[in-house]
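As they're listed, the protein sequences go chains A and B. Heads up: the first sequence is residues 1 to 256, going by this note's numbering. Heads up: the second sequence is residues 1 to 259, going by this note's numbering.
Please keep in mind that the hints were generated in silico from the structure rather than gathered at the bench. Beta carbons are placed, not taken as given, at the ideal position from N, Cα and C, and that holds for glycine. It cannot be assumed that every hint is accurate.
[Unchecked claim] List time: in silico DSSO-like cross-link candidates among lysine-lysine, alpha-carbon distance up to 30 Å: (1) B:Lys60 <-> B:Lys162; (2) B:Lys255 <-> B:Lys69; (3) A:Lys186 <-> B:Lys162; (4) B:Lys2 <-> B:Lys15; (5) A:Lys22 <-> B:Lys162; (6) B:Lys69 <-> B:Lys15; (7) B:Lys60 <-> B:Lys48; (8) A:Lys124 <-> B:Lys48.
[As the list claims (entries may be wrong)] Facing chain B, according to a computed beta carbon distance under 7 Å, are these residues of chain A, among others: (9) Asn52; (10) Gln93; (11) Ala117; (12) Asp126.
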Amino acid sequence: MSGALHIERLVKEYRPGAPVLKSIDLAVEGTGLTSIIGPSGTGKSTLIRCINRLVAPTSGRILLDLPGERVDMAQLQGQALRRARRHIGMVFQEYNLVERLTVMENVLTGRLGYLSAWRAWRRKFDPEDVERAHELLGTVGLAAFAGQRADALSGGQRQRVGIARALMQQPAVLLADEPTSSLDPKTSVEIIQLLREQGVQRGIPVMVNIHDVDLARRYSDRIVGMTGGHVVYDGPPDRLTDEHLHTIYGGTAWLE
Amino acid sequence: MKPFPKPFGWSAGHKLALAAMLAYCAWSLAGMDVSAERLASGWEQGAKFIGRMFPPELGKMDELWQGIKETLQIAVLATALGLLLSLPVGLLAAANLSPAPLRMAGRTLIAACRALHPVISAILFVKAVGFGPLAGILALVVATVGFVGKLFADAIEEISPKPIEAMRATGASFANVVLFGVLPQVASRFVGFSTYQLDSNLRNSTMVGIVGAGGIGGALFAAFLRYEYSFVFTILATVIAIIVVGEIVVNAVRKALDV
């Protein structure tokens, strides 16, 4: 099924001999929100970024099912890599919008993978894409903000633009690298709900890195706990015990 | 107990550097035959020279207009062409976008363009393409690439990498990343540099004529040689007026564009 992700023996070393990811095996398919939890520096971000190759893995396979084909993201280069990336939406902690462009223009950049340089130069997007961008802005609750510059928005609004941009790709899988870490608690909940909702509606898997364990428990269909570059818990949120959390994060005082 | 060093104190190195600098200035001054008498007679000469400028010559408007027209053309054409070339050169020379060998090539080109004063490169271009405005245009294009190319490259190196990362993640090609991720981040600064360079080229284009590279400078130099100080005055007054008007216009443009 499209969007299914099979990660096999994934290793990433930034420095030789000091792996951050130590042979990760993980399969994510179907629909639903998978939350990856774990202490800072344990490789959650690296894992997410290996999938769309913002980080190049050292070894292992990242098999992604795309419409009509199965690709190994770990092996792709050049144009083949860019073609595969078009099907992977990504949401960032700090939104990563172009501040000086409008909300609408930022959302449309989700289509840049499909645009020739000549058309990009003339800012000539397909009329259907522009229409869909308007619909998406409605979906994320920013219909009235299309013409505003991105730097005029609040954090929560910017993250909604980031999500709309990712959805604009019509992705087969949606990744989010700590999408709530810069947001207040109420907005965090809204953003996670939006990510989950959109994943279900589109029938695609959503993978989220998250620091807030309670938030992860409340809204995830599945939780993956990582520590020291290994997966140490993989299961539904209601089976995640304090003991697991102790294994993942260490210490106990914060659990009481 | 060791005493604390005196706050804001001068180190021995600082004092030595200052003494060396003062000694060099004194030595240079002594070797250049600068004396009080020469300064005094200079004032007198200057006053005489200014006296001969009046009344200003107003009968050579044709020659003046020809020179001014050419000067403006040189400035505008050189700025336009120079900016057009500066953009790719700046991209090439930016460390965050360009691989090391290309970056070296870009930075070297920029350094070469900056090395020579426009008047010196104008002399070279007069030798190459002959007298006239073409030589002036080429000289100022080189100056523009040297100056604006460097500013462009530095500005590109300072952009936020975050939107770039997001666009690469959508599968965008390098060209599209530049068009949507890089240029919007630097556009306003580019406009700022460009207006500044137009201003600067206006000044320089009045000068390249002195070495035969077209524009009002040629007429100015000829008037000097013919001792027509009254015409010199007219030319200088016109040049100053143009520079001032140019600056006002450029400032208005910058304000209107909010850069």
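Hint-by-hint comparison with the structure:
Of the supplied pair hints, the one linking B:Lys60 and B:Lys162 is violated, its CA atoms being roughly 60 Å apart against a limit of 30 Å. Using a Cα cut-off of 30 Å, the hinted pair B:Lys255 and B:Lys69 holds, with the two alpha carbons roughly 27 Å apart. Restraint check for A:Lys186 and B:Lys162: satisfied, since their Cα atoms lie roughly 25 Å apart, inside the 30 Å limit. The straight-line distance between the Cα atoms of B:Lys2 and B:Lys15 is roughly 23 Å, inside the 30 Å bound, and the hint therefore holds.
With a CA separation close to 27 Å, the supplied pair A:Lys22 and B:Lys162 stays within the 30 Å bound. For the proposed pair B:Lys69 and B:Lys15, the alpha carbon gap of about 53 Å is over 30 Å, so the pair is violated. Pair hint B:Lys60 plus B:Lys48 holds up; C-alpha atoms about 23 Å apart against a cutoff of 30 Å. With a CA separation close to 66 Å, the supplied pair A:Lys124 and B:Lys48 exceeds the 30 Å bound.
Annotation: A:Asn52 was flagged as interfacial toward chain B, and the flag holds, the nearest CB pair being 5 Å apart, inside 7 Å. This hint is violated: A:Gln93 has a C-beta 9 Å from the nearest C-beta of chain B, more than the 7 Å allowed. The closest approach between the C-beta of A:Ala117 and any C-beta of chain B is roughly 4 Å, which is under the 7 Å cut-off, so the hint is satisfied. Interface hint status for A:Asp126: violated, as the beta-carbon distance to the closest one in chain B is roughly 15 Å, over 7 Å.
In terms of the numbered hints stated before, the structure departs from hints 1, 6, 8, 10, 12, listed from lowest to highest.
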